[in-house]
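Chemist: Protein chains in written order, with this note's numbering: chain A, -12 to 103; chain B, 4 to 115.
Worth flagging that the hints you see were computed from the coordinates, not collected in a lab. No residue lacks a Cβ here, since even glycine has one placed at the ideal position from N, Cα and C. Heads up, a few of these hints could be off.
As the list claims (entries may be wrong) - Straight-line distance between alpha carbons at most 20 Å, and here's what the computed EDC-like set of lysine to aspartate or glutamate pairs gives:
{"id": "1", "chain 1": "B", "residue 1": "K83", "chain 2": "B", "residue 2": "D30"}
{"id": "2", "chain 1": "A", "residue 1": "K53", "chain 2": "A", "residue 2": "E9"}
{"id": "3", "chain 1": "A", "residue 1": "K53", "chain 2": "A", "residue 2": "D75"}
{"id": "4", "chain 1": "A", "residue 1": "K28", "chain 2": "B", "residue 2": "E18"}
{"id": "5", "chain 1": "B", "residue 1": "K45", "chain 2": "B", "residue 2": "E60"}
{"id": "6", "chain 1": "B", "residue 1": "K45", "chain 2": "A", "residue 2": "E9"}
{"id": "7", "chain 1": "A", "residue 1": "K28", "chain 2": "B", "residue 2": "E48"}
{"id": "8", "chain 1": "A", "residue 1": "K1", "chain 2": "A", "residue 2": "D52"}
{"id": "9", "chain 1": "A", "residue 1": "K7", "chain 2": "A", "residue 2": "D52"}
{"id": "10", "chain 1": "B", "residue 1": "K45", "chain 2": "A", "residue 2": "D75"}
{"id": "11", "chain 1": "A", "residue 1": "K28", "chain 2": "B", "residue 2": "E8"}
{"id": "12", "chain 1": "A", "residue 1": "K7", "chain 2": "A", "residue 2": "E74"}
{"id": "13", "chain 1": "B", "residue 1": "K83", "chain 2": "B", "residue 2": "E48"}
{"id": "14", "chain 1": "B", "residue 1": "K45", "chain 2": "B", "residue 2": "D86"}
{"id": "15", "chain 1": "A", "residue 1": "K28", "chain 2": "A", "residue 2": "E74"}
Unchecked claim - Computed beta-carbon distance windows for the label pairs:
{"id": "16", "chain 1": "A", "residue 1": "S70", "chain 2": "B", "residue 2": "E60", "range": "47 to 55 Å"}
{"id": "17", "chain 1": "A", "residue 1": "N38", "chain 2": "B", "residue 2": "E48", "range": "22 to 30 Å"}
{"id": "18", "chain 1": "A", "residue 1": "G48", "chain 2": "B", "residue 2": "R31", "range": "40 to 48 Å"}
{"id": "19", "chain 1": "A", "residue 1": "P27", "chain 2": "B", "residue 2": "D81", "range": "28 to 36 Å"}
{"id": "20", "chain 1": "A", "residue 1": "H(-6)", "chain 2": "B", "residue 2": "E48", "range": "17 to 25 Å"}
{"id": "21", "chain 1": "B", "residue 1": "S52", "chain 2": "A", "residue 2": "L13", "range": "16 to 24 Å"}
{"id": "22", "chain 1": "B", "residue 1": "E6", "chain 2": "A", "residue 2": "N57", "range": "41 to 49 Å"}
{"id": "23", "chain 1": "B", "residue 1": "D81", "chain 2": "A", "residue 2": "K42", "range": "44 to 52 Å"}
{"id": "24", "chain 1": "A", "residue 1": "T103", "chain 2": "B", "residue 2": "D81", "range": "20 to 28 Å"}
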Amino acid sequence: GAVVSQHPSWVICKSGTSVKIECRSLDFQATTMFWYRQFPKQSLMLMATSNEGSKATYEQGVEKDKFLINHASLTLSTLTVTSAHPEDSSFYICSARDARGLSPLHFGNGTRLTVT
Amino acid sequence: QKEVEQNSGPLSVPEGAIASLNCTYSDRGSQSFFWYRQYSGKSPELIMSIYSNGDKEDGRFTAQLNRASQYISLLIRDSKLSDSATYLCVVNIVGGSYIPTFGRGTSLIVHP
Chain A
-12 GAVVSQHPSW
-2 VICKSGTSVK
8 IECRSLDFQA
18 TTMFWYRQFP
28 KQSLMLMATS
38 NEGSKATYEQ
48 GVEKDKFLIN
58 HASLTLSTLT
68 VTSAHPEDSS
78 FYICSARDAR
88 GLSPLHFGNG
98 TRLTVT
Chain B
4 QKEVEQNSGP
14 LSVPEGAIAS
24 LNCTYSDRGS
34 QSFFWYRQYS
44 GKSPELIMSI
54 YSNGDKEDGR
64 FTAQLNRASQ
74 YISLLIRDSK
84 LSDSATYLCV
94 VNIVGGSYIP
104 TFGRGTSLIV
114 HP
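All chains, please: the whole structure from these sequences, using the hints.
Modeler: This is the structure in structure tokens:
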């Protein structure tokens, strides 16, 4: 089946630093990748959608200068949380889909970010 | 009106029983429908995909799609304690790029 690898699985960083999260599709070409954030006991919140080679489309309320998304190839997307603050501590999950619009999403295992 | 509706639950069933999870969607043109399971602290995992009217069975799971009623369900037979999780209904909403739209999820608790 389709596999999405997300790294790191957890990270602790100090306030003011930046953190990069990688999301790779291992056995298919991910035309579209989605980045989600999830706080404890809450639903997944879509942050942004990225298509390979294009600028990401951010959801309302998500700061594009704070959450930098790069989708430079069909198998790799990165999310960089810049100048992280404690309120950015959350569970970040990427998902990927191939070019067929009817295809399901395949999720990475998520990254738990803690900002101290 | 939210585009994909699910009862948040919790739905509590005894071990060995059938759990029935339901979902409705608003976009009549949608063509692909999915059920995901999410354990606490983990990312969602795909359980079932369904694209045509009727039933689709995979082991203990049966997904049902009724396009006329814009209704999807997931039946879990012989429920196990390990089935306790949140079940997410996802519909690829037609609208340019088939945006995957999530229901809020139904919490299922299987008790001994």
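Chemist: Does the structure break any of the earlier hints, and which numbers would those be?
Modeler: Structure breaks hints 1, 4, 5, 18, 22 and 24.
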